[in-house]
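Work from the hints to combine the two standalone chains into their complex.
Line by line, the protein sequences are chains U and R. Note that our numbering has the first sequence beginning at 1, numbered continuously upward. Note that our numbering has the second sequence beginning at 1, numbered continuously upward.
Hint data in this document are derived by calculation from the structure and do not stem from the laboratory. Heads up, some of the hints might be wrong.
[Said to hold, decoys possible] Here are some chain U residues the structure puts well away from chain R; computed CB gaps all over 10 Å:
hint, residue
1, R22
2, T27
3, D69
4, A145
5, H147
6, M153
7, F157
8, L166
9, A265
10, D287
11, S315
12, D317
[What the hints assert, rightly or not] Straight line, CA to CA, 20 Å or less: simulated SDA-like cross-link-like pairs of lysine to any residue:
hint, chain 1, residue 1, chain 2, residue 2
13, R, K224, R, G236
14, R, K84, R, E115
15, R, K211, U, M231
16, R, K211, U, G94
17, R, K77, U, R243
Predicted model only: the values in this text are computed from it and were never measured. The C-beta atom is built at its ideal place from N, Cα and C for all residues, glycine as well.
Next come the chains, spelled out residue by residue.
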Amino acid sequence: MRVLVQGAGIAGLTAAFEFAIRGAAVTVAETRHALGGNASWFAGGMLAPWCERESAEQPVLDLGRDAADWWDTATPGQVTRAGTLVVAAPRDAGELDRFASRTSGHRRVDEDEITLLEPDLAGRFRRGLLFPGEAHLDPRQAMAALHDKLAAMGVEFRFGTDARHLSGFDRRIDCTGMAAEDDGLRGVRGEMLILRTLDISLSRPVRLLHPRFPLYVVPRADHRFMIGATMIESQSAGPVTARSMMELLGTAYALHPAFGEAEIAETGVGVRPAFPDNLPRVEASGDTVSINGLYRHGFLLAPAMARQAADLVFSQDRTREVAHETDRQRRSA
Amino acid sequence: MFDLLGTTLPSRLLLGTAQYPSPAILADAVKASGTSVVTVSLRREMAGGRAGEQFWSLIRSLGVRILPNTAGCHSVKEAVMTAKMAREVFGTNWIKLEVIGNHDTLQPDVFGLVEAAHVLCEDGFAVFPYTTDDLVVAERLLAAGCKVLMPWCAPIGSALGPINIMALRSMRGHFPEVPLIVDAGLGRPSHAATVMELGFDAVLLNTAVAKAADPVGMARAFGKAVEAGREAFISGILEPRDAAVPSTPTIGRAVFS
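Only chain R is shown next, with the shape it has when bound in the complex (with noise of 0.2 Å):
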């Protein structure tokens, strides 16, 4: 079980909800991943008012909680209008919030970024930045109201995994009592299974699962290695030893080398 800003939840696996075959194919990988949140955008859908509506409404069919959020926003004012437009089509204050800075790498304009949480964060919003895994930024972040913390571990999309382990891990050891999720740049369920190893409290990823060639046998598998990779760093891992250490102890045995 999983705590998030006091909603419990039975899934550490947050998934996005763009880009799959059909929503039939995304409905059955959200039930086969076991995900309890899943990510809906509005900024494009949204052209003409609520003429998304018919999408939303098979999202909210899915029967699990939904984070709306603000992709495809490069400024603070589309940020901000975007995450009211969501809190009223979606009827709650959770908002992961992105403000893009590079139109390459889709990296986040952290300066933004902070601006447009001080902005909702006043506003009554939940937020939930989707950031970098600068530690500044991080504190700035939680200076202006947000409660968790969404780094990436590689640009979105990219299925890099984890390119900076040490900074993921620095990140995790400054914030040890902020939940921290990994959004973005995952590809393989070993990436989510290394990032739980470290402590991260859960993951969100959209394009490894939509984009594989079975979204759902995919969804389950990054389910697992959610699980496992919580499971793991919970029972605490075996730090690598120069040493060979044989698992059989070798005093008693005849002979003695």
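Just chain U, with the same shape it has in the complex (with noise of 0.2 Å):
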């Protein structure tokens, strides 16, 4: 089977993945010059199914426990296994109450765990939430990894090409995101920041409750810092806002000083595609499946959709051999 996978977001590389490895001959078409530039590039990289279920539907929790297992196994030596932590501030307690009612698969820790865990946020925190189960990867660097390892597989990429321009396939996997033709689809901005900074290190993840400003701080290799990120309901993907920067920048500061001396090596922004139920969506066309949807998910549910789509096009496959196959009998009978 000849499968041409349109886009090389996390969507297309991970859909490649998984029609690689049943076998099919995959081409991946990106109207990009290079990897990167989509909205996976912005992405935080946690593979953070439980902490998300405290604003995500139940589906998020399901399909995306499976994800650091998945990475593990495309790219070996990606993942970080080291859980989340979650903190707030001593007058926000409250909020530390509401997201551990909402969510599942953490213990509280106390000022002494909170220590051991992260040094240095030692005597800032008096109560936090440790999520073990987590994971998170540095989303460049996987998807680097993962295109390095489809090459090695066998599959072709055509950088800088509009699919549209390609023929002789027997399938197409839309995986455009944003680009995608879809009325149901809507574009949800996200900003975030990279400060670097020698001053501190943390192991895992840290999300920092807050009512107005929550945010999650990612850490990276080479001292960086992903800050992220904001949520607003539009399809700008214009430079990030002083506002937003401020806010971001204030709650970092909030979470440890040394963020204020850190240098902002960088600043992005991302708009992600979502359906209004904000759940991810594999959707059969005639010859053309697609995966799309995947919100502030990518990372994360993108596996378990790209799975999804080829158990489809292999099952539909199968179906369509048995009834060409009843057919044959029928007419030689």
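Okay, here's the thing in structure tokens:
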């Protein structure tokens, strides 16, 4: 089977993997000239389905709980399994109780344990929640690793190519995100920063709860920290606004004053494709299967969606063969 | 039925549209609450022109009346500009006017509020000012041309409920003919029932529903509470008394002690 994957974002790369390991001849076409620049490029890379359940519906937990294993298998060495630490300032202690009551898979930690987990946060928070089953990765490194793995598996990449001009494929897998023409899809703008400082180190993603400005900090290599992310009902991909930057920086500073002296290494804006229920969809129409609406859960949910798309295509294929077979038998009878 | 500026509305609950887990849950919550007016903010979403259009069209498709707001505006100029944009986007002259004066408490800047209300009323807007429970400010807003007032009962999103019942009573007493909508600070359905029992015409809330574990269930609960409070107010509430009063008469019993 010859499969054309349209789009080399997180949905496209994971789909390419799932089709390739099932024996399809896969080509990935991407209009950009290299990896990156799409919504997944600006992602946090948290594999945190239990934390996400605070505001997301149950399918996000069900579909996302195996994501860390998937990434570990597809891109060995990319996943860090150190859990997620959730903290709140003493005056927002109620937020911690609210978060705990909406989620599972966590345990309460006190000041001493927070110090053991993250020595640089010593004395800053009296109570927190640890989600030990969660993991994280660096989205850009993971995407590059997956790209290399796919290339080694024989997947052909065509960058700077409009997939509409390519033909000769049995199936098209539309993973073009916001570029897909789907009336139900909307953009949700997310702004993020990358800070660099030698003054603090963290071993795992830390979420700081705040009634108005919740924030997460994901540690990355080379003393970098991804600070994210805003959620604005807008499809604008324009530069980060001053207000969003102030909110992100202010909250990072509240997590640890050392961030006040950090370098702002990068600012980024991604527009997340989302359906009205904020849940992803795999949809088939003719020879095209689309994967879309990953919203803020690209790295978490793309593996499960890629599997669903591959299952759908291969089971349809079997049904067709069976139908064909029955048809032939009928004719010969 | 609730007559608001010449529009007859089936419900006295107004619902905000921010912070829901998804637009689909928002739509279900709107239905479950029975609300007939939703508020929607524009300030942050309009960066880059009409970039918030996809969300706004979801709001339009809810099939209820839209009251755009100027949430997040900290100056008269910003609020007036946002109101004009809202009129264009939603095709309504209704505007919930917010001019925030304190970043921490999100308390209205009542001076800026009166000024912006004046400008917008002159321009033909029906201004719904988000204000405090201060009577003098309320009078100034009415003088500026507002036909309805929206006092807070506690800071936005605080879920504290009516923290100054005396001020709310006094506001109702001073402005018997003005539609008064309690906006901001409600945490639970009993809070909504309480202010409706005081004779307020309606309530507006957002966070208490959007951030509940089950926003749809909570929306339904608030819808019922608002109805209960209103019906109680109309039906004449028994005032507290010091003496116990038996509901069954004792006269005629065999032994009267």
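For each hint, the structure was consulted:
1. R22: 32 Å, holds
2. T27: About 31 Å separates U/T27 from the closest Cβ of chain R, which puts it past 10 Å; holds.
3. D69: 26 Å, holds
4. A145: 32 Å, holds
5. H147: Holds, because the least Cβ-Cβ distance between U/H147 and chain R comes to about 31 Å, which exceeds 10 Å.
6. M153: At roughly 36 Å from the nearest Cβ of chain R, U/M153 sits farther out than 10 Å, so the non-interface label holds.
7. F157: 31 Å, holds
8. L166: 29 Å, holds
9. A265: For U/A265, whose nearest Cβ neighbour in chain R is about 23 Å away, the distance exceeds 10 Å, so it holds.
10. D287: Label holds. Min Cβ-Cβ 28 Å, cutoff 10 Å.
11. S315: 28 Å, holds
12. D317: Consistent with the label, U/D317 stays out of reach of chain R, its closest Cβ about 33 Å off (over 10 Å).
13. R/K224 with R/G236: Answer holds: R/K224 to R/G236 is near 18 Å, not above 20 Å.
14. R/K84 with R/E115: It holds: about 15 Å lies between the C-alpha atoms, which stays within 20 Å.
15. R/K211 with U/M231: Satisfied, since the Cα-Cα distance of roughly 15 Å is no more than 20 Å.
16. R/K211 with U/G94: Roughly 13 Å between the alpha carbons, so the hint for R/K211 and U/G94 holds.
17. R/K77 with U/R243: Judged against 20 Å, a Cα distance of about 17 Å means the pair holds.
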